[in-house]
Amino acid sequence: MSVTAFIVISVVKIVVAIIVLLTAVAYTVWLERKVVGHIQNRWGPTRVGPFGLLQPLADGLKFIFKEDLTPPHVYKPLYIAAPMIALIFALTSISVIPVGNWVNVAGISTPLQITDVNIGLLIIFGITSLGVYGVALAGWSSNSKYSLLGGLRASAQMVSYEIALGLSLIGVLITAGSFSLREIVDAQSGTFWGFIPRWNIFQGQIVAFFIYLTAAYAETNRVPFDLPEAETELVAGYHTEYSAMKSAMFFMAEYANMITVACLASLLFLGGWHGPLFGPPILQAILPLLWFVLRVFVFLFIYIWVRGTLPRFRYDQLMAFGWKFLLPLAIANLMITALIVAVKS
Amino acid sequence: MLHLVLFSIFAVICVAGAVNLLVQRHPINSALSLVVVMGSLAAEYLLLGAEFVAAVQVIVYAGAVMVLFVFVIMLLNAGEEERTRGSRVALLLGIPGMIIGSVLMAWVLLEHSGTPSVEAGALPGPPKTIGWLLFHDYLLPFEVTSVLVLIAIMGAVVLAARPESAKGTREV
Numbered sequence: 001m002s003v004t005a006f007i008v009i010s011v012v013k014i015v016v017a018i019i020v021l022l023t024a025v026a027y028t029v030w031l032e033r034k035v036v037g038h039i040q041n042r043w044g045p046t047r048v049g050p051f052g053l054l055q056p057l058a059d060g061l062k063f064i065f066k067e068d069l070t071p072p073h074v075y076k077p078l079y080i081a082a083p084m085i086a087l088i089f090a091l092t093s094i095s096v097i098p099v100g101n102w103v104n105v106a107g108i109s110t111p112l113q114i115t116d117v118n119i120g121l122l123i124i125f126g127i128t129s130l131g132v133y134g135v136a137l138a139g140w141s142s143n144s145k146y147s148l149l150g151g152l153r154a155s156a157q158m159v160s161y162e163i164a165l166g167l168s169l170i171g172v173l174i175t176a177g178s179f180s181l182r183e184i185v186d187a188q189s190g191t192f193w194g195f196i197p198r199w200n201i202f203q204g205q206i207v208a209f210f211i212y213l214t215a216a217y218a219e220t221n222r223v224p225f226d227l228p229e230a231e232t233e234l235v236a237g238y239h240t241e242y243s244a245m246k247s248a249m250f251f252m253a254e255y256a257n258m259i260t261v262a263c264l265a266s267l268l269f270l271g272g273w274h275g276p277l278f279g280p281p282i283l284q285a286i287l288p289l290l291w292f293v294l295r296v297f298v299f300l301f302i303y304i305w306v307r308g309t310l311p312r313f314r315y316d317q318l319m320a321f322g323w324k325f326l327l328p329l330a331i332a333n334l335m336i337t338a339l340i341v342a343v344k345s
Numbered sequence: 001m002l003h004l005v006l007f008s009i010f011a012v013i014c015v016a017g018a019v020n021l022l023v024q025r026h027p028i029n030s031a032l033s034l035v036v037v038m039g040s041l042a043a044e045y046l047l048l049g050a051e052f053v054a055a056v057q058v059i060v061y062a063g064a065v066m067v068l069f070v071f072v073i074m075l076l077n078a079g080e081e082e083r084t085r086g087s088r089v090a091l092l093l094g095i096p097g098m099i100i101g102s103v104l105m106a107w108v109l110l111e112h113s114g115t116p117s118v119e120a121g122a123l124p125g126p127p128k129t130i131g132w133l134l135f136h137d138y139l140l141p142f143e144v145t146s147v148l149v150l151i152a153i154m155g156a157v158v159l160a161a162r163p164e165s166a167k168g169t170r171e172v
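Going down the list, the sequences are from chains A and B.
Under the numbering used here, think of the first position of the first sequence as 1, with each following residue one higher.
Under the numbering used here, think of the first position of the second sequence as 1, with each following residue one higher.
Hint data in this document are derived by calculation from the structure and do not stem from the laboratory.
Any given hint could be a false lead.
To be verified - Here are some, though not all, of the chain B residues that point toward chain A, as calculated from beta-carbon distances under 7 Å: (1) E51; (2) V53; (3) V70; (4) P96.
In this text, all values refer to a predicted model and were calculated from it rather than measured experimentally.
Don't be surprised by glycine CBs; every beta carbon is placed ideally from N, CA and C.
With the hints as constraints, model all of the structure from the sequences given.
Right, dumping it as structure tokens:
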């Protein structure tokens with residue numbers, strides 16, 4: 001296809017993906033407030049719109065109109081840049097996440113993915129490791145004790161759990177044989193014995209699945225690993241000194257990271273968009289997308305469920321867990337997977 | 001053509017980042033300029049067709065090593081550099097040295113302008129090829145490097161150990 005057609009299609013895909021992602025972030029906040037509310041035996045937001053569905057809109061308006069004050073002793077350039085860095089890297093990883101097969105619209109066929117690079121998973125690792133900068137720089141540039149400690153703790157936690165995250169995914173890579181996310185999902189099509197789907201969980205990666213989920217909770221600074229931003233511990237950690245739109249950007253970055261993790265977990269372990277197809281052809285074209293969204297929703301629900309249920313780790317327990325338990329477990333999982341694949345081939 | 005344009009853009013960003021690193025007075029700005037240099041180097045590797053090396057450059061160099069640098073700068077809280085009045089020796093030796101260096105480099109480049117440059121895609125790009133090379137042709141250097149890294153880790157642990165645990169007594 002010609003260069004202009006490629007550019008136009010890519011721009012359209014980027015715009016659609018960003019709009020969908022930002023709406024998903026806003027409604028993940030709504031989902032969290034409702035689910036945590038019901039876990040705690042109270043209603044969540046109910047006033048603004050039916051079931052509180054317009055609450056994210058009200059929150060957005062509040063953030064826009066809030067006074068955006070900059071404390072006088074901060075280091076201005078990095079203070080302003082840090083939330084942007086956090087948000088940019090949180091939103092970039094959506095570009096290699098596929099949500100469906102190739103579609104054929106008006107004679108142009110394009111994958112339901114912004115780009116299909118053959119090192120897709122490595123790019124996600126790279127973006128995750130660069131996301132640490134937003135947190136560290138925010139904590140330092142705020143020029144306050146709580147922020148600095150919170151920022152350093154959060155970045156140390158993120159760097160430590162990145163290792164377990166990466167090692168747990170190498171088992172998936174060995175099983176699938178490729179870094180490209182689309183090929184990993186395609187390797188999970190079909191079923192065993194006619195009804196058990198060929199997902200990576202059932203192909204022996206169940207331990208890797210749990211390691212990935214735990215490390216991802218720590219990467220995104222969510223309960224039970226959210227000490228760096230717990231209110232009772234460090235006021236608000238690295239985003240203490242931020243108000244209005246900049247704090248909203250950190251908020252959005254956190255939820256966008258959650259959504260990325262949920263998408264990756266459903267692609268790498270749960271078979272992506274494969275599911276039973278039925279009905280008329282127009283339904284069959286949309287069904288893979290719905291299966292994918294269902295899986296992502298399940299993971300987000302589990303994220304929020306864990307948040308409402310578990311108490312948080314103390315910081316030394318958190319670091320000991322990451323280095324002394326998850327890392328050896330991930331290495332053991334990797335060695336066993338490699339052995340099995342080598343023996344099988 | 002597009003290749004040349006992209007190469008020039010990322011080369012300019014890289015050199016600008018490196019010059020900015022020297023010019024900035026606050027160490028954290030220098031560290032962040034170094035991150036920009038690492039990122040543009042990764043883009044250059046991508047332009048050469050070495051996608052695995054580009055991704056690993058971002059993950060390891062920009063995402064781990066530089067994070068460590070930034071941590072150290074933040075914890076040590078080194079302030080801005082003082083402005084000194086400049087040194088005579090630097091001017092006397094530096095400017096002629098720079099002129100000689102650039103003349104030498106230009107001469108070497110012009111001497112060898114006949115040799116063909118590396119084509120994009122001539123080097124092994126996909127992770128599969130690199131993995132094969134690493135574990136078949138270059139297995140011994142790979143294993144020796146891992147032993148080196150292990151020695152570095154042990155050295156860091158020894159250097160960072162608390163002194164009283166070496167003596168065996170602890171005061172409560």
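Q | Hints violated by the structure (numbers, ascending) | A | 2 and 4
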